[in-house]
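J.: In case you want the letters, here they are:
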Amino acid sequence: MSGPNSSMSSIRTPLARVRGLGSARSGTSDFWRQRVTAVAMIVLIIPVIVVVMMLLGRNHAAATQILGSPFVVIVMTLFTIASVWHMKIGMQVIIEDYVHDEKLKLALIIGNNFFSVAVALAAIYAILKLSFGV
Amino acid sequence: MAQHIERPLSPHLSTYRLTLTMAMSVVHRGTGMVLYAGTLLLVWWLLATASGPAAYATFQGFIGSWFGRLVLFGYTFALVHHLLGGVRHLIWDLGYGFGPTEREWLTRAALIGSVSLTIVLWIIAFAAGGLR
Ligand code: HEM
Numbered sequence: 001m002s003g004p005n006s007s008m009s010s011i012r013t014p015l016a017r018v019r020g021l022g023s024a025r026s027g028t029s030d031f032w033r034q035r036v037t038a039v040a041m042i043v044l045i046i047p048v049i050v051v052v053m054m055l056l057g058r059n060h061a062a063a064t065q066i067l068g069s070p071f072v073v074i075v076m077t078l079f080t081i082a083s084v085w086h087m088k089i090g091m092q093v094i095i096e097d098y099v100h101d102e103k104l105k106l107a108l109i110i111g112n113n114f115f116s117v118a119v120a121l122a123a124i125y126a127i128l129k130l131s132f133g134v
Numbered sequence: 001m002a003q004h005i006e007r008p009l010s011p012h013l014s015t016y017r018l019t020l021t022m023a024m025s026v027v028h029r030g031t032g033m034v035l036y037a038g039t040l041l042l043v044w045w046l047l048a049t050a051s052g053p054a055a056y057a058t059f060q061g062f063i064g065s066w067f068g069r070l071v072l073f074g075y076t077f078a079l080v081h082h083l084l085g086g087v088r089h090l091i092w093d094l095g096y097g098f099g100p101t102e103r104e105w106l107t108r109a110a111l112i113g114s115v116s117l118t119i120v121l122w123i124i125a126f127a128a129g130g131l132r
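Chains A and B, in that order, give the protein sequences.
If you read the first sequence in this note's numbering, its first letter stands for residue 1, the second for the next number, and so on.
If you read the second sequence in this note's numbering, its first letter stands for residue 1, the second for the next number, and so on.
If you are wondering where the hints come from, they were derived from the structure by calculation, not from laboratory data.
There may be inaccurate statements among the hints.
Here are a few chain B residues that face chain A, going by a calculated C-beta distance under 7 Å [what the hints assert, rightly or not]:
1. G32
2. V34
3. V43
4. T49
5. P53
6. G86
7. A125
8. F126
9. A128
FRET-style restraints, in silico, Cβ to Cβ [to be verified]:
10. M54(A) x S65(B): 17 to 25 Å
11. V120(B) x A16(A): 52 to 60 Å
12. V115(B) x P14(A): 16 to 24 Å
13. A16(A) x V115(B): 19 to 27 Å
Don't be surprised by glycine CBs; every beta carbon is placed ideally from N, CA and C.
All chains, please: the whole structure from these sequences, using the hints.
T.: Structural data, given as structure tokens:
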């Protein structure tokens, strides 16, 4: 097992290099982030539901005003970041569990990353546009 | 280093009797995937509002249709179910609730809670006048 930092060029032992990192070289950080984003959403879901309830049946002018107010913008942006991050990790876990063909797995993981980034960018762009006035 | 190491294998899934807890874990994964797809609805809603009255009217037209309502109801249930199921998972992650009765009790609570909460949310939405 010789990675980019092969033991030849390092005085650290192989054990020291991998300790706590696991095979993905990033240890349990994805597991941890999925939990942190889950906790964030438990809190954020309450104002998000209130915002959605306020918007039901409103016309466009009222909707832009509500969605563009500072508190709503911040809540919606935070919820977008938390949920997209969380779902990206979650979907990667699902892919790794069921897809065992290496090439297909790689393609799906890349696709998952593209989809998640695109969704986050589109949502945040729309929220910010509303906040600065259409 | 690359030599094969004999590790103990866990018994195969099919040797266990299917329990409610197991079924709910599968459903949690399912709702996670539904919510993944559902983010498109969220993005559509935000982009339509940011685009102007015409795009907003198109979105409202979809959500107001029986199919749109059905999708939104499904999304609400998936979200609430995944939320309560997620809380249950977090309790387990902290090391609590693993006893045979606690485990089933937690699962039942999450199931009953998610059905009730979804209905309550839709009653509030109707009462608020938004869905008429
Ligand atoms: C509302 C609050 C939420 C909470 C508390 C929550 C909690 C969790 C937890 C604890 C897990 C890990 C389950 C396990 O260990 O097997 C998980 C998985 C997952 N979540 Fe969420 N989640 C929430 C919202 C969302 C949303 C909004 C999405 C999608 C946009 C989502 C998508 C997923 C996916 C795809 C997985 C992977 C499922 C699996 O590995 O079986 N979650 N969630």
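J.: Take the hints in turn and mark each one as holding or not.
T.: Checked hints:
no., hint, in the structure
1, G32, "holds, 5 Å"
2, V34, "violated, 11 Å"
3, V43, "holds, 5 Å"
4, T49, "holds, 5 Å"
5, P53, "holds, 4 Å"
6, G86, "holds, 5 Å"
7, A125, "holds, 6 Å"
8, F126, "violated, 9 Å"
9, A128, "holds, 6 Å"
10, M54(A) x S65(B): 17 to 25 Å, "holds, 22 Å"
11, V120(B) x A16(A): 52 to 60 Å, "holds, 54 Å"
12, V115(B) x P14(A): 16 to 24 Å, "violated, 52 Å"
13, A16(A) x V115(B): 19 to 27 Å, "violated, 51 Å"
Violated hints for the displayed structure, listed by number in ascending order: 2, 8, 12, 13.
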